[in-house]
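Visitor: So the sequence lines, in the order shown, correspond to chains A and B. Positions 1 to 279 (the working numbering) are the ones given, in order, by the first sequence. Positions 1 to 324 (the working numbering) are the ones given, in order, by the second sequence.
It is worth saying that the hints were derived from the structure and are not from the lab. On a predicted model such as this, the values are computed, not experimentally measured, just so you know. Even for Gly, the Cβ is constructed at its ideal location relative to N, Cα and C.
Ranges of calculated distance between the beta carbons of each label pair, as one might list FRET restraints: (1) ARG50/B x GLY28/A: 38 to 44 Å; (2) ARG191/B x GLN242/A: 53 to 59 Å; (3) GLY222/A x ARG277/B: 55 to 61 Å; (4) THR111/A x ALA321/B: 36 to 42 Å; (5) LEU259/B x GLN40/A: 22 to 28 Å; (6) ARG277/B x VAL214/A: 52 to 58 Å; (7) LEU200/B x GLN261/A: 54 to 60 Å; (8) THR202/B x GLN242/A: 54 to 60 Å.
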Amino acid sequence: MSSVDDWMTSLLGEEFNDRLARVPVNVGEAGVDPFGLDPQWAKYALASTAFLHRYYFRTEVYGAENVPSGRVLLIANHSGQVPIDGALIGASMFMDVEPPRFIRAMIEKWTQTLPFVSLLFTRVGQVVGVPENAQRLLEREEALLVFPEGARGIAKTFDRRYQLAEFGLGFMRLAIQTNTPIVPIAVIGGEEQYVSVANLGGLAKMLNMPAFPVIPQLLLPGGQLPLPTKYRITFGEPMHFQGDPDDDDAVMEEKVWLVRQTVQSMVNRGVKARKHVFW
Amino acid sequence: MTIANGKRTRQAAVRDGDGAVVITGICGRLGKGVARVLHRERKVIGVDRRPFLDKPKDIEHRQVDVRRKKLKDVFRAGKIDAVVHLGVMHDPRASAAEHHSWNVAAFVKLLEYVAQFQVPKLVVLSSANVYGPQPDNPQFLTEESPLLGGAAFSEIRDLIEVDMLAQSFFWKHPETETVILRPVHILGAVRNAASNYLRLDTVPTLLGFDPMVQVIHESDVVRAIQLALNGGVRGIFNVAGPDPLPLSRVIKIGGRPHLPVPYSIAKMFLHRMWSLRLSDFPVPELDHIRYVCMVDDARAREVLGFAPSMSVDETVRSVNADRW
Numbered sequence: 001m002s003s004v005d006d007w008m009t010s011l012l013g014e015e016f017n018d019r020l021a022r023v024p025v026n027v028g029e030a031g032v033d034p035f036g037l038d039p040q041w042a043k044y045a046l047a048s049t050a051f052l053h054r055y056y057f058r059t060e061v062y063g064a065e066n067v068p069s070g071r072v073l074l075i076a077n078h079s080g081q082v083p084i085d086g087a088l089i090g091a092s093m094f095m096d097v098e099p100p101r102f103i104r105a106m107i108e109k110w111t112q113t114l115p116f117v118s119l120l121f122t123r124v125g126q127v128v129g130v131p132e133n134a135q136r137l138l139e140r141e142e143a144l145l146v147f148p149e150g151a152r153g154i155a156k157t158f159d160r161r162y163q164l165a166e167f168g169l170g171f172m173r174l175a176i177q178t179n180t181p182i183v184p185i186a187v188i189g190g191e192e193q194y195v196s197v198a199n200l201g202g203l204a205k206m207l208n209m210p211a212f213p214v215i216p217q218l219l220l221p222g223g224q225l226p227l228p229t230k231y232r233i234t235f236g237e238p239m240h241f242q243g244d245p246d247d248d249d250a251v252m253e254e255k256v257w258l259v260r261q262t263v264q265s266m267v268n269r270g271v272k273a274r275k276h277v278f279w
Numbered sequence: 001m002t003i004a005n006g007k008r009t010r011q012a013a014v015r016d017g018d019g020a021v022v023i024t025g026i027c028g029r030l031g032k033g034v035a036r037v038l039h040r041e042r043k044v045i046g047v048d049r050r051p052f053l054d055k056p057k058d059i060e061h062r063q064v065d066v067r068r069k070k071l072k073d074v075f076r077a078g079k080i081d082a083v084v085h086l087g088v089m090h091d092p093r094a095s096a097a098e099h100h101s102w103n104v105a106a107f108v109k110l111l112e113y114v115a116q117f118q119v120p121k122l123v124v125l126s127s128a129n130v131y132g133p134q135p136d137n138p139q140f141l142t143e144e145s146p147l148l149g150g151a152a153f154s155e156i157r158d159l160i161e162v163d164m165l166a167q168s169f170f171w172k173h174p175e176t177e178t179v180i181l182r183p184v185h186i187l188g189a190v191r192n193a194a195s196n197y198l199r200l201d202t203v204p205t206l207l208g209f210d211p212m213v214q215v216i217h218e219s220d221v222v223r224a225i226q227l228a229l230n231g232g233v234r235g236i237f238n239v240a241g242p243d244p245l246p247l248s249r250v251i252k253i254g255g256r257p258h259l260p261v262p263y264s265i266a267k268m269f270l271h272r273m274w275s276l277r278l279s280d281f282p283v284p285e286l287d288h289i290r291y292v293c294m295v296d297d298a299r300a301r302e303v304l305g306f307a308p309s310m311s312v313d314e315t316v317r318s319v320n321a322d323r324w
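Could you build all of it, start to finish, from the sequences and the hints given here?
Guide: Okay, here's the thing in structure tokens:
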């Protein structure tokens, strides 16, 4: 146990332990928070994502100072076939943002029926994606990550890279209801980690999966690993919204459109500014 | 501590101070607990078909079946200030017909008398199990959440029906202050599924599952019932004990060895054990050690003024206490 910890420290530096000591967690007498987050588990999960963050994807983080210290909704573009973008945002919220934070994300409810998966997700701070949970987390001043594109976003084919899919409206109602600032996030680099040439919708439906991407690199030796693209994560300035959380969809759509445009233009600028996909 | 609370109880519910509190199912563990904290201050009438051994002298016990007409005599005999309904049967081996006649038909009769004799207070002990463990449950269920416990586990449908009957009584008879308590897993010397589970020599768990759970000590439930008797209190209250914790932590506190079993094998095995009568845990109860079924007890804390007095260690270890 302690040798694992030593190895972790040698890899990630004293700074990792220092940040771990400063991260605000709300644990009860049982050593876990009411949603089942266990800092002991989260430590190892963070260490492995921090390793990917620093060494594999060599993430560059911009605008970390834009993240407020209290409750916050992190709204990001979704990409890359597997949700590495979520893990890296989590790592940068811990490694680069001041004060360090554990992010919470919402997961599909069917994951709760899977042994080990449900346990792991719960212990590292993920919660079942129902509105009541989101509201409760924000009221506890947590940082909540939402990908409003959902599965439509993550399963984009390569020709549609960095073009945001439709946003859901739920996050806006939540933000207004709980008076939470929205921090728009642009993630660059995810679209090239797995190049998907097609999405077989019929087959996906048959298999009860949200999407069935065709990824040729999986057939190559070692191609199962994501390509080591360079990730760039940009945190935008917080956006505040007021109004009636139960307003018509049309009213919500206007507000959501503002957020979507902000993320899209941050993505566009990021793609234009980078010199190369891999460095 | 209990005395202090008992004094607070007096302020309103005992309007004239001379009416009695009727407790159904008084010979159960919780019934005795409630009777013990109330009998020094108020007149207590117990109703149970079981005999009340070691009964304090000032408690009047009617050994009648709640389903019988004789129950009405209790109401006719004198002024009743409150009815505390604890007489719900949870025997997993009893037939559905018996469950129904005992739990539902008898409760309908009881409600009839409460209305007819204009009893000012009715406290019904329901359970947080009426919500049911589900993979898509919010982490904390509020009192407004739908009662879906019967979806996978038909045996508890009559408990849901009791809860629903009490709810409709709440609306139909505003002159009676109806309180429905939905406590989480009650631990103690009681015989219920949760305590029996933790008393097993080797506690089986499901491999790869470790849901967050809430437990409450039986004496804290007694205190919640006492608080529910306060004048002016009405409505539905979730009642929870100390902070929620993972099931594995509960078992660790209990100090017994545990055995993780894959779900499919556990299900098959338990099914066989059940049909051979080697186990009294119905198969659908496995969902309680698989999914969350936790409640938001904010309303009980604010309106009832309830806070658990037992720590989680005391609560879990109480399952090994001797029965008195």
